[in-house]
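Asker: The lines below spell out each chain.
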Amino acid sequence: MRTILYLIRKEFLQIFRDKFIGKAIFIVPIVQMLLLVPAVTFEIKNVDLCLIDRDMTAESRKLVNQLAGSSFFKVRATTFSEEEANSLLHRGKCNLVLQIPSGFGKETGKGNPGRIFVSVNAINAVNAQLSWAYLNGVIRDYNMNIIAENVGSGNPGFVPQIQVTNRYWYNELLNYKYYMLPGVLGILVLAIGFILAGLNLVKEKETGTIEQINVTPVKKYHFIIAKMVPFLVIGLIDLAIGLIIGKLTFNIPFEGSIAILFLSSTIFLIAVLGLALFLSTFSNTQQQFMFTAFFFIIIFILMSGVFTPLESMPVWAQKFDLINPAAYVMRINRMVMLKGSTFQDISKDIYSLIVISIAFTALAVNRYRKTA
Amino acid sequence: MKRFLGFVRKEFLHIFRDIRTMIILFGIPVIQILLFGFVVSTDLKNAPIAFLDLSKDEITQKLSDKICSSGFFRKGETLLNYNDIDKVLRKNKIKAVIIFEKDFGRKLISEGKAALSIITDGSEPNMATLITNYITAIVSDFNREMVATQAAGTLLVQPEVRMFYNPSLKGHFMFVPGVITLIMTLICALMTSITITREKEFGTMEVLLVSPLKPVQILLGKVAPYFLLSFIDIILILLLSWLVFGLPVKGSLLLMLAECMLYILMSLSLGILISTVAKTMQQAIFMSLVGMMLPTILLSGFIFPLENMAKIYGWVAAIFPPKYLIVVIKNIMIKGTGFPYVWKETLIVIAFTLVFLGLSIKNFKIRLG
Numbered sequence: 071m072r073t074i075l076y077l078i079r080k081e082f083l084q085i086f087r088d089k090f091i092g093k094a095i096f097i098v099p100i101v102q103m104l105l106l107v108p109a110v111t112f113e114i115k116n117v118d119l120c121l122i123d124r125d126m127t128a129e130s131r132k133l134v135n136q137l138a139g140s141s142f143f144k145v146r147a148t149t150f151s152e153e154e155a156n157s158l159l160h161r162g163k164c165n166l167v168l169q170i171p172s173g174f175g176k177e178t179g180k181g182n183p184g185r186i187f188v189s190v191n192a193i194n195a196v197n198a199q200l201s202w203a204y205l206n207g208v209i210r211d212y213n214m215n216i217i218a219e220n221v222g223s224g225n226p227g228f229v230p231q232i233q234v235t236n237r238y239w240y241n242e243l244l245n246y247k248y249y250m251l252p253g254v255l256g257i258l259v260l261a262i263g264f265i266l267a268g269l270n271l272v273k274e275k276e277t278g279t280i281e282q283i284n285v286t287p288v289k290k291y292h293f294i295i296a297k298m299v300p301f302l303v304i305g306l307i308d309l310a311i312g313l314i315i316g317k318l319t320f321n322i323p324f325e326g327s328i329a330i331l332f333l334s335s336t337i338f339l340i341a342v343l344g345l346a347l348f349l350s351t352f353s354n355t356q357q358q359f360m361f362t363a364f365f366f367i368i369i370f371i372l373m374s375g376v377f378t379p380l381e382s383m384p385v386w387a388q389k390f391d392l393i394n395p396a397a398y399v400m401r402i403n404r405m406v407m408l409k410g411s412t413f414q415d416i417s418k419d420i421y422s423l424i425v426i427s428i429a430f431t432a433l434a435v436n437r438y439r440k441t442a
Numbered sequence: 023m024k025r026f027l028g029f030v031r032k033e034f035l036h037i038f039r040d041i042r043t044m045i046i047l048f049g050i051p052v053i054q055i056l057l058f059g060f061v062v063s064t065d066l067k068n069a070p071i072a073f074l075d076l077s078k079d080e081i082t083q084k085l086s087d088k089i090c091s092s093g094f095f096r097k098g099e100t101l102l103n104y105n106d107i108d109k110v111l112r113k114n115k116i117k118a119v120i121i122f123e124k125d126f127g128r129k130l131i132s133e134g135k136a137a138l139s140i141i142t143d144g145s146e147p148n149m150a151t152l153i154t155n156y157i158t159a160i161v162s163d164f165n166r167e168m169v170a171t172q173a174a175g176t177l178l179v180q181p182e183v184r185m186f187y188n189p190s191l192k193g194h195f196m197f198v199p200g201v202i203t204l205i206m207t208l209i210c211a212l213m214t215s216i217t218i219t220r221e222k223e224f225g226t227m228e229v230l231l232v233s234p235l236k237p238v239q240i241l242l243g244k245v246a247p248y249f250l251l252s253f254i255d256i257i258l259i260l261l262l263s264w265l266v267f268g269l270p271v272k273g274s275l276l277l278m279l280a281e282c283m284l285y286i287l288m289s290l291s292l293g294i295l296i297s298t299v300a301k302t303m304q305q306a307i308f309m310s311l312v313g314m315m316l317p318t319i320l321l322s323g324f325i326f327p328l329e330n331m332a333k334i335y336g337w338v339a340a341i342f343p344p345k346y347l348i349v350v351i352k353n354i355m356i357k358g359t360g361f362p363y364v365w366k367e368t369l370i371v372i373a374f375t376l377v378f379l380g381l382s383i384k385n386f387k388i389r390l391g
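For the record, the sequence lines run as chains A and B. Residues 71 to 442 in the numbering used here are what the first sequence lists, from first letter to last. Residues 23 to 391 in the numbering used here are what the second sequence lists, from first letter to last.
Derived by calculation from the structure, the hints in this document are not laboratory data. Owing to the predicted nature of the structure, the values given are computational and were not obtained by experimental measurement. Where hints are given, some of them may not hold.
The calculated SDA-like cross-link candidates involving lysine to any residue, where the alpha carbons are at most 25 Å apart (straight line), are [to be verified]: (1) B:Lys115 - A:Leu380; (2) B:Lys236 - B:His36; (3) B:Lys357 - A:Ser151; (4) B:Lys113 - A:Arg237.
Restraint-style ranges between C-beta atoms, simulated for each label pair [claimed, not checked]: (5) B:Leu35 - A:Thr277: 49 to 57 Å; (6) B:Val266 - A:Phe86: 42 to 50 Å; (7) B:Phe361 - A:Thr277: 45 to 53 Å; (8) A:Asn215 - B:Ile334: 33 to 41 Å; (9) B:His36 - A:Gly278: 13 to 21 Å.
Glycine included, C-beta positions come from ideal geometry on N, C-alpha and C.
The task is simple: from the sequences and hints, build the whole structure.
Answerer: Here it is in structure tokens:
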């Protein structure tokens, strides 16, 4: 035990002796959280619309007014030339072109379908889908009005109408900051822990100082544990700082128990550090390790479901996520912070994380050779 | 010149000798492109939803079947009461719950009105919006079918939509430019900053500095191999996106490659700048990887569109170079537009390069200590 404590003390001294790193491990996450969390959003505030109204009847104007009245659509340009509209789309001046052909007003509601043509800039599929959905919503309302009028005039009965109401739970106003903060925090903790721990071990190899440890009676697991603890502590401090920033600056709700969050993050960090140390035994130079780290971190992050839904991934990818520690922690962070999930709700994830962390650490201890 | 060539040759040997790094260097773009192409997507597919059917009649049954057979949703648990909602949502087993009020079918037929509520898990706002929109659309479709039989002859506005540039709404159009940018930014900046700080850390920089090579030649020799490697990476990505996803360069290939080369130069000068500031490799890695990875992913318009960003953050994003390359690639590769559409971005990247190089020259120390 005393050996481990001495070794841990040595590691701390070594990390904080580098003044830049000592500060950067705390400042970089703070700056990134303050900068990135409020910046990023999928929410579309307004869609720039270009209008070609060849009909110019009361009906077409009604539709246009309904569109302009919704907060999403801003009519940026009105034109009669399709070419001009396309060029606006090309130059990115508008993202949606709505064309109402002549005859629209005459036909609508009179037995023929009133056609309109919509062109959406779909380079960004998500944006395109959302603006299309909003437009459809407006048209739906417009249609319902026509039905009500028609049926109302022709037949004194009623139109059966399903009234849809919806609510968003846990994040009523769909505040993106609530969504981003747990995710960004998870990524930062992952990246800092993974990169620093791995580099630390490889650096000892590269500069040859590892020999000095190897010739001592320090046990393999002593060495690995001593390499892990400082980064575990740093990661948890970063997590705490991130949560405080979230609370103070963005007023992120914290529904669940802080203890559970820290417990799961601790297990997560052990898994990450174990893996980093295991992989670092394959690298001889810091450069090599850095590429390995870059490779794994990107895969872990992209497949963790932090920015994209897990359900949309193919089944094999979802299976892979069983050994992706990031997938667990992103889920747990959001569940605990926003939904107030209890230990029972996430127990399966926690147990899986424990298994992963033990496995990775065991691999690291096993791979580490004291002989050159 | 001969000396310089010899030095460049040494640098090449230095890098190509390390097979493992080479594999990773070429493996990263391949894996990322494939991941984005086949694995990660922002589409709504098979989202698990639950029903709380307080009515259990023919109409609710039909409507639930219609929702579940759309391909967007899959039926999860069936709930029995309101308390279950929180339970399943908290466990993350279900993304949304649809509630049919009591006597839904009877009310709809006799009173003409029936209420359906959708409760969505707002902890993922994007999914929540999509799910709500899709369910609403399906329900109103269902509604219209019902009405159509009753109020025959009423035909409605039918929008016809054309998705420009990306008819099948594939995510490829965003991620191919994104991956190119991510790799160009991180790998170039990382690699250069590391090789130079490595020489510093091991004291071999001194050896180089006392050699007859000029400092500029040393730097040029250091970045030359990475320039070539990044260029190969770009070609690899373009080939993959063409062969695997059928996404060729629509505009001028020459212009595209020239713009990429310019961007590589910018990244390399950023790497040089980092190396003049960092004293150890760890510092250089921390700056270029931990410091730049997230801003590159999040502030470049790679996953999250920049147009939606609040104004101030738009300005912040403007000082990160990646966004400009994404704009350029999107224009040339996907829209097929030419230089007149991207000259502004090109100038900005040139300006970045000059600033980074200027600062590096100011910071570069020929003497140690």
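Asker: Each hint should be assessed against the structure and marked as holding or not.
Answerer: Now the hints, each set against the structure:
no.: 1; hint: B:Lys115 - A:Leu380; verdict: 12 Å, holds
no.: 2; hint: B:Lys236 - B:His36; verdict: 20 Å, holds
no.: 3; hint: B:Lys357 - A:Ser151; verdict: 20 Å, holds
no.: 4; hint: B:Lys113 - A:Arg237; verdict: 18 Å, holds
no.: 5; hint: B:Leu35 - A:Thr277: 49 to 57 Å; verdict: 23 Å, violated
no.: 6; hint: B:Val266 - A:Phe86: 42 to 50 Å; verdict: 47 Å, holds
no.: 7; hint: B:Phe361 - A:Thr277: 45 to 53 Å; verdict: 49 Å, holds
no.: 8; hint: A:Asn215 - B:Ile334: 33 to 41 Å; verdict: 40 Å, holds
no.: 9; hint: B:His36 - A:Gly278: 13 to 21 Å; verdict: 20 Å, holds
Of the numbered hints listed earlier, the single one contradicted by the structure is hint 5.
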